[in-house]
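Asker: Each chain, letter by letter, is given below.
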Amino acid sequence: LPRALLLLGPQRPWQRLPRHLCSSSSSSCGAADSPPAGRRCRHRLVPDAPTWRNVADSELPPPTAIDSDTIALLERLSLVQFDTADTVRVVAEAVRFADELRLVHAGPEVEPMTSLPEAWGWRCPLRADTPAEQPRTAVLSNAAQTEEHYFVAPPGNIAAKDSGRERLDRLAEGAKSKASRSSRS
Amino acid sequence: MSGLKRLWQGVIGLEVHAQISSASKLFSASPTAFNMPVNTQVSLFDAAIPGTLPVLNQRCVELALRTALALNCRINDVSAFDRKHYFYADMPAGYQITQHFRPLANHGRLEFYWQPDDNDPTSIAESVADIVQLQLEQDSGRSLHDSERQLSLIDLNRAGVALMELITGPTLTCGAEAAGFVRELVDLLRCLGACTGSLAEGALRVDANVSCRPAPPAAGDSGLGVRTEIKNINSLAALARAIDFEVARQAAVLDAGEEVINETRALADDATGRSVSMRDKERVQDYRFMPEPNLPPLFPSDLLPAASVDLPPPDQLPPGLRRRLRQELGFSYQHLASSVVAARPLADWRYLDAAVTAAKLSRPVTSPHLGRWFVHCFLGNCFRLLGESAAAEDSGISVESFGAFLSLAVDCAMISEEVGERLLERMFAQPSMDPLAEVQRLNWFLTRNPTEVASRFSQFFHRQDIASKNLDQLVKYGKFKLRGNSKKASVIEERFLALFMEAAEYTVDRTVAAKVVADILQSGVAPPPS
Chain A
1 LPRALLLLGP QRPWQRLPRH LCSSSSSSCG AADSPPAGRR CRHRLVPDAP
51 TWRNVADSEL PPPTAIDSDT IALLERLSLV QFDTADTVRV VAEAVRFADE
101 LRLVHAGPEV EPMTSLPEAW GWRCPLRADT PAEQPRTAVL SNAAQTEEHY
151 FVAPPGNIAA KDSGRERLDR LAEGAKSKAS RSSRS
Chain B
1 MSGLKRLWQG VIGLEVHAQI SSASKLFSAS PTAFNMPVNT QVSLFDAAIP
51 GTLPVLNQRC VELALRTALA LNCRINDVSA FDRKHYFYAD MPAGYQITQH
101 FRPLANHGRL EFYWQPDDND PTSIAESVAD IVQLQLEQDS GRSLHDSERQ
151 LSLIDLNRAG VALMELITGP TLTCGAEAAG FVRELVDLLR CLGACTGSLA
201 EGALRVDANV SCRPAPPAAG DSGLGVRTEI KNINSLAALA RAIDFEVARQ
251 AAVLDAGEEV INETRALADD ATGRSVSMRD KERVQDYRFM PEPNLPPLFP
301 SDLLPAASVD LPPPDQLPPG LRRRLRQELG FSYQHLASSV VAARPLADWR
351 YLDAAVTAAK LSRPVTSPHL GRWFVHCFLG NCFRLLGESA AAEDSGISVE
401 SFGAFLSLAV DCAMISEEVG ERLLERMFAQ PSMDPLAEVQ RLNWFLTRNP
451 TEVASRFSQF FHRQDIASKN LDQLVKYGKF KLRGNSKKAS VIEERFLALF
501 MEAAEYTVDR TVAAKVVADI LQSGVAPPPS
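Chains as they are written, first to last, in my numbering: chain A, 1 to 185; chain B, 1 to 530.
Check the hints yourself; a few may be wrong.
[Claimed, not checked] A few chain A residues facing chain B, derived, Cβ under 7 Å:
{"no.": "1", "residue": "His105"}
{"no.": "2", "residue": "Ser115"}
{"no.": "3", "residue": "Pro117"}
{"no.": "4", "residue": "Arg123"}
{"no.": "5", "residue": "Cys124"}
{"no.": "6", "residue": "Arg127"}
{"no.": "7", "residue": "Ala132"}
{"no.": "8", "residue": "Gln134"}
{"no.": "9", "residue": "Arg136"}
{"no.": "10", "residue": "His149"}
{"no.": "11", "residue": "Tyr150"}
{"no.": "12", "residue": "Phe151"}
{"no.": "13", "residue": "Val152"}
These are computed hints drawn from the structure, not numbers from a lab. Backbone N, C-alpha and C define an ideal beta-carbon position, used for all residues, glycine too.
In isolation and in its complexed conformation, chain B is listed as follows (with noise of 0.2 Å):
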């Protein structure tokens, strides 16, 4: 892969189709309920039955606008709506109601972090991806295909309903870019409540282009190569594999000397990220754009009153909120990029806010451990003991209390952390425990002194049933040391260690535990205990 990265550079362009939150449908009153049965909810407009007319649903209109907002974007004056002509059985009127020329909005933008090497932990980069186009469709029904009896069973319970379709610009250059963007995107609308963000229920649809330029770019030329489009993805992971996938199949084919073919592709394997082609080159799609002539053009300045009722200021979106995080409370993405982040309430944030305060912690806070500490440790025995919608007050414990905890805790320097996650489940038991004494009470501070740890590792291995069960790894240990085999030696040293620290009740700094196990193993005698 780093070979053909040398080369060509991956474009990438998203079309996202969300299905917008409201209770009918976009043209007609038909309701929009999930897994309802089958033609249960479709009007005779829907069916295309002639004599019926669409009319605008208001809520749809408002939360589209309301996501336009979210995302920056500068609304138009004037939106129409246009007509998409192609024959298929899923949409008996033969053509789906789009807005091809006069959209609802234009030119937005969205922040994300993303992480560019999976294998680091603490790789993360920031991007901002542009939002070419804003607009409001008509979806299609659905059919299943029963190849046996050649036959199609359309279910129309789904035309109709109202879709945001939003496109991106060829800014993105990878899958794990591409799938960072649709995660802030997700957590963004859920948190508008324009959309269930669920690519599984296929609530959020996503179509990848994709193509290929050479890295880095010719001075000069800003021109795009051919491209592609992926279809059929259902999930983050596979639009990033498939999209890698993509990119390496077309510079392969650059690579080769020879052209890549303008096609749609629908991804085959989720596992690896393969796709195939899915329509002979040779046919054109001339969807025959043209205004719908049953619909007055529309005015978005009329609805912007009750599109930005109650609409959060942008640093308390999704991803102003991660951009605080990120800067000045240095979380790292993996708890950046939880989902967990979107959903809570924002007086978790002030809470997690003041305890950082009450710590006394430098702005901006570098250690890399808060967010484990606040959204994997504090907000998961919240979740685990508290219930699903208990916020972090409920916990009972103080700004005061935890801002001490993360004293202790943050760096890691004061208390280890299998001590720090006892003693936060100690203070969910008893909110009104001081940590700092409980500390000092139960001697959980963490030992640095080599000698102290020396004694200590000493007086446990000594023990009776330390010395009895583990004689045979001492005599291996022995053996390996004498042949040179210091890898199967390591190993035991290990063995050794995790049993030092368990019995220590991890109170004994790892690092210089380690160091000492493995003196005193090589040295062959254990001093006696002191």
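Chain A extracted, bound-state conformation (with noise of 0.2 Å):
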């Protein structure tokens, strides 16, 4: 598989992988840079041991803050309603184990990768512009609820039954004493 890597498309840092990753000593592999019998395949990219490192709170940008409007706001997109302090709090400790991402930094050069097929060179494939009938019966199979072959839903955007502002601050509160607590203990 590497190989064929190698041969689609332009090359990017992560497509220079070693040309074996075989582990074994047997010199089987044949290639000019095999390594030495007994060595394992030393490449700059890939490391021999793994290399966790611990992230201190220090080292991260200050922690984004879940106030009531963030609240509402993640409801209205997600159309996820939070129902205790804790459901905040667990969405808080996800951001910020998220936020070590930014400290990675990469460079303006490199070109962030969207999808494999992109990295690989696949141009977008192309399908030519001739219709195809559909049956109805199983597009509708799955609803709930038709009529006259339309799809029923409830009535355009209604807003969430708003509970107010209290609810939205007692969660904030909430999760943000929480929060401190753990951070303490």
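Both chains are sitting in their own frames, so use the hints and assemble them into the complex.
Answerer: What follows is the structure in structure tokens.
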């Protein structure tokens, strides 16, 4: 597989993988840069041993505050309601965990990779403009309620029953106190 | 309105969504025919059934590139698709596949003519609009709201149809200019075969972004004011009115010292252009744009050869054609803006060109009548007598004959408008006829000599039927003149003038005749016929 990768498309940093990933000491690879017997493959991007590093809180940027407005926005965007302060705390911790990504500086010359096909240099596949008949029954078969072949849906976008700022404030406060308690402990 | 215009100037940008005329949808093989039974053109992908993937339609990209080339856009080397997330029942996936970060093309321009003053038929202005971005995106389905039963009925036939979104820069200044731009864009899209351009059918949708800034702008201040977005516009006239209403509303708000709220407004009344606020100002919309992971990037240069097949050169596309008609042949706005200009085959304009040369008219033609003679009269006769698909040459009237006609009629110097129309009808009936000989034979030349006109009028005036039928009018005229009521008197003069012109078969000059009629009536006594 690595050989096939090298044949397709332009070279990207992560494509410069070693020609052989085998950890065995056999010299059956036959490649010119095969390692001496008994030693593992060496490549500057692939380390010999796992290199976990604990990131200290002080290295990270200031934590994102999840206040009432943010909770309201998240609820509206995701259509998921936060029920307890614990839920908010979990979200805050998840955001904090993802903050570690901000420490990675790949530099401006490295283009972000959206998907593997893009990295392999695949171009967007194109389809000829020929219509195909679509049976109506298949598409409507999952619908709980239909009327004269229309899908039936609730009216427009109804605003979620606004239980008020008190609920949001309570959640935000509860999450903040729980977070400060856990960080102190 | 003029009082407000002294202080504030409208700044308008348009977002145009044009439905691409392809046989199947953008990412699936569903048909795109108009007005089909409900939910019969929906594939599993369009209904967002899991386990389906998008596959890009080549024809849609070709037509979008064709439009980008015609608009002089800079086509990007790499283009990619993105997801725009929001929840609505007519968009089953919960996101729309669009091109936010890397669109197909940028930085185009469209030149167009528009009419600044509705009341003045000779007013015309030329503008250039910037096309900031051109991108492909999916359409959503249609929803019918039943407020009685508190539900919506969703039809996904339209969901997934390819749309071309064109975003203009904030360079338009008023409703008439915006309408002129959309009119030219529609003609261009129809000419390219990219879109049917029907606003009424919903094939072309326009949203306007409107803001105000001080007029004239303060030196060194290029900032833009807070803008509002107007949606739900169904016609060109409604677009112009909605924009003018919104500019006036914002100017009033700013004059009162208040601030304009950034909001989305829906057009409520087509006749006045009144719009109402659609969404709560506190509601922030976060679309969470992210690259579409299921679609590798597109390289538009691969499809440029297919896109530019049979692409007419710029001076044969509607904007270039109109510029030539205006600058060389002096067309007035009314005929320039007519959709006839874009719809006729190019052979018709070559015919006109040759006829103008044959008529030895000096270019640029300054007479405003050329447009009327060709577009309204000549092509009108073609359409009426020979059918919709007839070209100018099918009339059988040779270029020389039409040239001779133009040299007689174009300035209305030798024959009047009414005579010209009748002459043209006769030429269509008998294409080989020489117009000059015909006019000489029928003595249809315009008479300008006052004495001659006077004698013709007095002959007309002393006719038995005229005198007897209009005796009461003459009596009234005398009374008005005695009382000094000149307005009512002139009404009667005009009545006599109209009768005279009709009787003389429009072979007398109108201005001269009007003076003659007034003189004779005022003198009280018409000289006996000589």
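Asker: If a hint holds in the structure, say so; if it doesn't, say that too.
Answerer: Structure-based check of all given hints:
{"no.": "1", "hint": "His105", "result": "violated, 21 Å"}
{"no.": "2", "hint": "Ser115", "result": "holds, 5 Å"}
{"no.": "3", "hint": "Pro117", "result": "holds, 4 Å"}
{"no.": "4", "hint": "Arg123", "result": "holds, 5 Å"}
{"no.": "5", "hint": "Cys124", "result": "holds, 4 Å"}
{"no.": "6", "hint": "Arg127", "result": "holds, 5 Å"}
{"no.": "7", "hint": "Ala132", "result": "holds, 4 Å"}
{"no.": "8", "hint": "Gln134", "result": "holds, 5 Å"}
{"no.": "9", "hint": "Arg136", "result": "holds, 5 Å"}
{"no.": "10", "hint": "His149", "result": "holds, 5 Å"}
{"no.": "11", "hint": "Tyr150", "result": "holds, 4 Å"}
{"no.": "12", "hint": "Phe151", "result": "holds, 4 Å"}
{"no.": "13", "hint": "Val152", "result": "holds, 6 Å"}
Going down the numbered hints, you'll see the structure goes against just number 1.
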